[in-house]
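Trainee: Sequence:
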Amino acid sequence: MDELYDQTLSNMEASHTALVSRVNQPHAVTFGSGFVFRYVERDIYQALVQKLARVISGLHAARLLLAHGFVQEQAALQRMLDEFNEDIVFLAHGVISGDITELHREYLAAFYEEEFNNPGSALESTQKRPTISRQKIRAYLARIEAKGLNPSSGVEMMRTVSKTYSGFVHGASPHIMDMYAGDPPRFHVGGMLGTVRADDHRGDLWNSFYRSIGSFVFAAKAFGDEALVQSVLGYMRRFAKAAGESYAHPPEEA
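Residues 1 to 254 in this note's numbering are what the sequence shown spells out, letter by letter.
It is worth saying that the hints were derived from the structure and are not from the lab. Keep in mind that this is a model prediction, so the values were computed, not measured. Treat each hint with caution, since some may be false.
With a cut-off of at most 25 Å between alpha-carbon atoms, the simulated PhoX-like pairs for lysine-lysine come out as follows [claimed, not checked]:
#1 K241 <-> K221
#2 K136 <-> K241
#3 K163 <-> K136
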């Protein structure tokens, strides 16, 4: 799988570079006594390329964690990747459908909000970034992805996946106890290579890669790049076949 993952990440990076070139580039803006790079237009396309950047970086990081047996941390990162991918599809579909909703506008306003409104003093800053309801985003996704299922069922499926990984993020006892194994049993705080848990998480990483490829399909569609849409769809089918996953067959057309 390592060779397949290498190829996938290389393809993602090439696609990301192509999409980044299609938006106005970040500017160096004054921030406190120095400067930072920011997208000054703060539009939905710039949000998409930023989220895609985190997806690629996150997949790289998940592989590194898995390689060293840190599967608890890998699972926590996969929870983040799930939310990044949800956000990408949510934003992209607003463009694709031609219907930028109030929820999209609220999301973008929160997304671009600076963490500190007083860059000279974090303690004196007022952190005011609103929290956008994940439940509302998932309800929106369920309406477009359920394909005939009751929207509440789609929300429930996404909630279940999120809740499973949430225990790794927040350190729930049942999840922490997955670290306790061996003969004699002990907490594997230096990684879990050679354990059944490592094997389980090795297989699970495939799903994050597959869902992330799908996010690139939606993003390319939002950018109106039909050639890239078809290219990524073709790779998505080849990726599934190479991994021996017969259930994953995206349609010929996005």
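Trainee: Decide if the proposed pair is consistent with the structure: K241 and K221, CA atoms, cutoff 25 Å inclusive.
Mentor: Distance of about 23 Å is within 25 Å: holds.
Trainee: Holds or violated: K163 with K136, Cα cutoff 25 Å?
Mentor: holds (16 Å)
Trainee: Is the hinted pair K136 and K241 satisfied, with a Cα-Cα distance of at most 25 Å?
Mentor: violated (34 Å)
When the structure is compared with the earlier hints, a violation turns up for hint 2 alone.
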